[in-house]
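Number of protein chains: 2
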Amino acid sequence: MSEPISILEQTYQWERETALLESTQATLEWDERTGMPPAAGAYRAEQITYLSGLIHQRRTDAAQADRIDSLVQWANQQPDNEDLAVTARYLKRNLVRRQKLPLDLVQAMTKAIVLGQQAWSQARKAKSFADFLPCLNTIVKLKREEANLLAIDGSAYNGLLDEYEEGANEAHLQVLFADLRKQLVPIVAEAAEATQKRGTILVQPTIPIEAQRSFNRLVAEQVGFSFDAGRLDETDHPFCTTLGPRDCRILTRYFENDLLSSLFSTLHEAGHGMYEQGLPAEHFGLPLGSYASLGIHESQSRLWENAVGRSLPFWQWCTPQLQKQFPGLFAQATPETLYRYTNSVSRSFIRVESDEATYNLHIAIRFEIEQQLISGALNPTDLPDAWNAAYMEYLGISPSNHAEGCLQDVHWSAGLFGYFPTYTLGNLIAAQWMETIQQSVGDLDSLHCRGDFRPLLEWLRTNVHQHGKRFTPGRLVERVTGRPLSAIPFVKYLTQKLTATGLLVS
Amino acid sequence: MSEPISILEQTYQWERETALLESTQATLEWDERTGMPPAAGAYRAEQITYLSGLIHQRRTDAAQADRIDSLVQWANQQPDNEDLAVTARYLKRNLVRRQKLPLDLVQAMTKAIVLGQQAWSQARKAKSFADFLPCLNTIVKLKREEANLLAIDGSAYNGLLDEYEEGANEAHLQVLFADLRKQLVPIVAEAAEATQKRGTILVQPTIPIEAQRSFNRLVAEQVGFSFDAGRLDETDHPFCTTLGPRDCRILTRYFENDLLSSLFSTLHEAGHGMYEQGLPAEHFGLPLGSYASLGIHESQSRLWENAVGRSLPFWQWCTPQLQKQFPGLFAQATPETLYRYTNSVSRSFIRVESDEATYNLHIAIRFEIEQQLISGALNPTDLPDAWNAAYMEYLGISPSNHAEGCLQDVHWSAGLFGYFPTYTLGNLIAAQWMETIQQSVGDLDSLHCRGDFRPLLEWLRTNVHQHGKRFTPGRLVERVTGRPLSAIPFVKYLTQKLTATGLLVS
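If you read the protein sequences in the order shown, they are chains V and P.
With our numbering, letter number 431 in the first sequence gets 431, and the count goes up by one each step, no holes.
With our numbering, letter number 212 in the second sequence gets 212, and the count goes up by one each step, no holes.
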């Protein structure tokens, strides 16, 4: 037995050491996006590129590949050792994916997406799709090659999806999105019209950023984000990153005239952060210590942002906090006003600013277009036309420029194809969690209106967080909620909420 | 020629890549000492240890050692190529030092100083020397081994000194310190008595930290620290660190009732920072892009902290700034009061809080004791007695506990022997720079009282910063000031200042 144990230890040690480098790289990136001096960018890129190279070498190391194969054999011989089985399966899965990609393709892609993101950033500023097109052509060409090498069940797109959401499937998603679209389009039509009719119900006061900071911290702490093992900072594009098993950094952004924007960003990122803080620290760097999938991750952020943050009980707790923290500024506001204000529905161009009713339509458009880009049915040159046509068809609006059109998201410039659908999966999964929670935990509303979010977090810790990658995302959903993922709970949740806030009559 | 050029490029590339890792490690450490969440410490230590290991491997790489030997040969064949000569010489010098140290000694030392710093930190809190003694015994034992292996001209201590200050020499320092002590003791006696007689001349107002932050930033910017390529943050023990050729981070600390303490820390660290910002960025990671020595580094920090920050012209500029920034709080203060207040002399226990007159006596005590620890003349067990006796002899005071006695500095617990003397060298060199500057640049006072510090910084850039390690520290001083380092300019500077502030009659 001593030989296999030693191989096991070596394999785990190797993965943990890779995680040391990955989390170090995350620290460099966190610093880059928080307070790094302006002139330091070029050298920071060199540091990150160098670490990426070291990490890539480790991930494709031949000796580790051999050890992983031994682990798989050993796991087969010990069917009762579930931890080993899970770990061996995931390490092998990642290895197989990597082995399918030739080094020159990986290197060409790395270069293309560094240049792609720079070009995208400038093109977006200039609102010029032509400035981005050459890079997009290169990225799509390389991504098609990659997708063809990774193809699953004859679908190239599936090969990309699988990176972010194991087991997700193009055909299944097409059905899901078609169904969702059919149900959402009439809801959006009615609710957007009602929102417009209702007119202005709240004008947010001007609040200095410093005061917004302490309020955001207060809320993040209240919902359960640990500041002993985390920080809340400020950046241009909010995100969450993990620098170690007890070091999760969340970032929000502030506008003097929109406290609520920072608040929802904070709740969203705190949702991600609490998931990371709930993963088993002793398995950090190994599958059992890693998040299940991007869809599961997003189910946490959207749950805290929307199911909690845009609920009446939340505002019953939060409104007095606002009034206490900012004397006089929210004197007219009631929990009901804030509940209705934060659930308005409107047809708008920008995904990240969109409401719960329209959000998944933004994603459906991206999902449709990226499938066509990968299959070759759509040429990158024709992206703007396809984009604008889809917005007209799905939302009845047409962007006046590419910055609020097909250049708004960074994803494609960073080579992230197959990533967008996980946002919608997150929304659907969150609704399915909430349905189960309400059935099993009971009346959360009376807790939440007192600011007690601990039972909810406790449920998520027990049912989702602690498992890491023990279950595939689909299996996890089924195991916890008793049925496969569906759009039903989400549509029900949305309909109830929009009815309660007076935007739907049905 | 193609072969040598390729070797040259490979050698430089290797050093630059090592610098990528070193500056990444510095980023981890900066984050650890600024805002890292409390629970993240253990994993951060793992990240840093892992990177240290990678760096150590690279520094002792056999192929690089061979390339460096080729460089040395090639440099000998091209006597006119000064850049190559300097680079080859320094790389070889570092290589030779490293090759003298067996791996097991390096590893034992690494472990001893990690444990040593932890033990020291707790022992200092508990004011218990006994708690630190076992670690100190180990460190001193290992350090003696190391020193014997590195010995220069028959002096083990020289081998340690040489790490921080190339060419510095125990025998020469002994003469220097003896001379300095002889001159300082009567100055301190007279000035401390006069300070006491004079009584309180200023009580600092209570100022919120947030307001202190912006004032410190204003002053750092005014003296010339670039915030385009740097940051000013907050920590327990102020320091300066370089995360890249255009990324220098300085850190200060704040006390509500002592704005001036933060100001002098900021000026000190900005002095270090401006040196780093003045090194040639294109040579980052190579000798020509690195600071000349710790003594030269300290000459920059002490020059800005003391020769500038504790001068009358500085206060002529700064007092109105204080009054403008903090309306009403410094209404009674005049440039003269602040000049005198910031140049008071008193016999106190803590080195980092001591004034310019007593500071070098604190160093002289440490220099004397660490020589004896390394030679074996002093047993670590007897350190407290030796320390207290020296304080009584040099300063006429005796610490009431070890926290304000021999446990006050972190250095020895971190294995830093031969480091303390560079602080005094920095003071002496700073005074020698200033003497030369006043002769060559002319009347700086009339510029400084208007807040124009650019000509001074320009002089330092041209004469000191831009050379990196082109000259040994001794050679640099002689080249710029026209004579070897001596204590005369410092004693003259100090005497003049204490006479001007009314503390010396002589």
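None of these hints come from the bench; they were simulated from the model.
Treat the hints with caution; some may be incorrect.
[Claimed, not checked] Under 10 Å between C-beta atoms, here's a sample of chain V residues computed to sit facing chain P:
#: 1; residue: Leu-20
#: 2; residue: Ser-23
#: 3; residue: Gly-35
#: 4; residue: Pro-38
#: 5; residue: Ala-39
#: 6; residue: Gly-41
#: 7; residue: Glu-193
#: 8; residue: Gln-196
#: 9; residue: Lys-197
#: 10; residue: Phe-227
#: 11; residue: Asp-236
#: 12; residue: Asp-247
#: 13; residue: Ala-281
#: 14; residue: Val-505
Think of the CB as a built atom: it goes at the ideal place given N, C-alpha and C, for glycine as much as any other residue.
To see whether the hints hold, each was checked on the structure:
1. Leu-20: 5 Å, holds
2. Ser-23: At 6 Å from the nearest chain P Cβ, Ser-23/V passes the 10 Å test, so the hint holds.
3. Gly-35: Holds. Min distance 6 Å.
4. Pro-38: 5 Å, holds
5. Ala-39: 4 Å, holds
6. Gly-41: It holds, given that the least Cβ distance between Gly-41/V and chain P is near 8 Å, below 10 Å.
7. Glu-193: 47 Å, violated
8. Gln-196: Violated, because the Cβ-Cβ distance from Gln-196/V to chain P comes to roughly 43 Å (cut-off 10 Å).
9. Lys-197: Where the cut-off is 10 Å and the nearest Cβ of chain P is about 46 Å from Lys-197/V, the hint is violated.
10. Phe-227: 7 Å, holds
11. Asp-236: It is violated, given that the least Cβ distance between Asp-236/V and chain P is near 17 Å, above 10 Å.
12. Asp-247: At 4 Å from the nearest chain P Cβ, Asp-247/V passes the 10 Å test, so the hint holds.
13. Ala-281: Holds: closest Cβ of chain P sits about 9 Å from Ala-281/V, inside 10 Å.
14. Val-505: 49 Å, violated
Consistency with the previously given hints fails for numbers 7, 8, 9, 11 and 14, ordered from lowest to highest.
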